[in-house]
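Using the sequences and the accompanying hints, generate a full structural model.
Top line first, the protein sequences correspond to chains A and B. The first sequence: position 185 = 185 (the numbering used here), numbered continuously. The second sequence: position 213 = 213 (the numbering used here), numbered continuously.
For the record, the hints were derived by calculation from the structure and aren't laboratory data. Quantities reported herein were computed from a predicted structural model and do not represent experimental measurements. Beta carbons: idealized from backbone N, C-alpha and C, even for Gly. A few of these clues could be false.
[Claimed, not checked] Chain B is faced by these chain A residues, among others (derived, beta-carbon under 8 Å): (1) Gln29; (2) Gln31; (3) Ala37; (4) Gln73; (5) Asp80; (6) Ala83; (7) Asp119; (8) Pro152; (9) Val167; (10) Leu169.
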Amino acid sequence: MAIRAFARAGVARAVSVPEDLVRLVTAAQRQDRAAFAELYALYARTVHGILLSRVPRADVDDLLQDVFLRAMQRLPELRDPAAFSGWLATIARNCATDYFRHAAPTAELPDDVPAHDSDRVEALAVMGIIRTLPVAYCETLTLRLVEGLTGPEISARTGLTEGSVRVNLHRGMKQLRERLERRPV
Amino acid sequence: MTGDYLWDRTGWPDPELVRLERVMSTLQYQPAAGTRSDVGHARPEQTRASILMLAGTAAAVLALVLVSWQQARVPRPALGVTRLAGTPTIASRPMGDQAQLGVGRYLETDAAARASVDVASVGRVEVSPETRLGLLSTRPGNYRLDLARGTVEAFIWAPPGQFSMKTPSSTAVDLGCLYTMTVDDDGVCLVRVKMGWVGFEWRGRESFIPEGAACVTRPRLGPGTPHYEDTSAAFRTALETIDLRRGSTLERQAAVTLVLAEARPRDVLTLWHLLTRVDPDQRDRVFDRLAGLVPPPSNVTRDGVKSGDREMLDAWWDKLDLRTASWWRIWKQQWRDNAGGR
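Below, the structure written as structure tokens:
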């Protein structure tokens, strides 16, 4: 199985291999726990990016687990295994929505970041700016810049069309540059 | 050409974009040791120009990769704990909102406290009030907890055989999916499976518990006979009589009679376990009842089953149509392999 081979080799690329994905999802629907673990390994970064684009970073890891818990519980209801990517992305977005529905309004506390870790300090600042962009741009840019997915990979992992992803990336990047240039030095 | 690089990393890379990628990657998803990442930073074919442009960052990237690789090889010495309510303690000291549970340490909750333990990237265990939970191992592929008393709810998605929990009944447990486990003051453990499967093993005595079923383990006796939760109280009492070998021979015969009479088609799960657990003179009755619901494969004989022939028992198990038989085979094999190394 190509996906498993890539993953095991530790060089997994987000290459969409629908027939292999279908087999993996179908196995997970039959409660094959190893198959679900493979799906987790394959999609954790994507779900992480979707959540990071929406909720405070401190809560992302907890929500990541909630997303996969929901997915595991509902997987038998998924009629078309080939639609897994978009289905999982929707669960992740809904989880983020529920987070704000149930959580008391809070301000995100600054990370406990050593002052000398300038990259991380800047990353948190830029992430704050990305979150001010329209949500479609925010999610796509987070997956591209933070999680390291390419446009075609984002499309394959979220169920969005390549055209939508391309538009979101270009327009989002343009707006991000403008806001970065306007930020005080 | 910037657009091409933004899209799929081909073409001329915009230096500012490359710098942003490097900076923002510090927030990237970090799989725990022993787990795999879903996407690598595979670089498509580069133009000579882009290669030149990236050459300056290559050494830094390589260094990062080496550091990450080395970190990934180091087992986590502790698991993260999140306070959910009250004041849980770790090693008898009150914890804050976040803490680490080290190997050999115990997390305890009183009547008002609750906590959640992140088992690396393989799952999560929620700790109820009045519970004492210890950490025995965090080696990748071998996460082991010790439930001394109280209740936990666990959701584990690790591949089979990577997670286990010890209980006072000296039962090595390899668990999967979603379940609750309660240990009382006498060391008696009750597991209730909400999703997936749970396996118990103690001195060669095995119990396999599927979704919707429950099972009790007892000190010095090991795992009891699993049963679906919608069985009658009388059915469960009869199983307890059989498991504890309680009462006279006649009373145990009566218990077997009740179980056989009440058994529904789905209770083949319970009947299969009883094949080797009832008194020897009762095994024919269990064999016949189970055979009436699911005939044994042609290579399975009555004498073989009665004598506990593992291959024959497994062959019949496979025919019970419990949906996860093949998965269980793999799990059990890995479980045994892991147990051998513990």
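Results of checking the hints against the structure:
1. Gln29: violated (11 Å)
2. Gln31: With a minimum Cβ separation of about 5 Å from chain B (threshold 8 Å), the hint on A/Gln31 holds.
3. Ala37: holds (4 Å)
4. Gln73: holds (7 Å)
5. Asp80: Cβ of A/Asp80 sits 21 Å from chain B, so the hint is violated.
6. Ala83: Check failed: Cβ of A/Ala83 comes no nearer than 18 Å to chain B, outside 8 Å.
7. Asp119: holds (5 Å)
8. Pro152: holds (6 Å)
9. Val167: With a closest approach of 11 Å, the A/Val167 hint is violated.
10. Leu169: holds (6 Å)
Against the hints set out earlier in the document, violations occur for numbers 1, 5, 6, 9.
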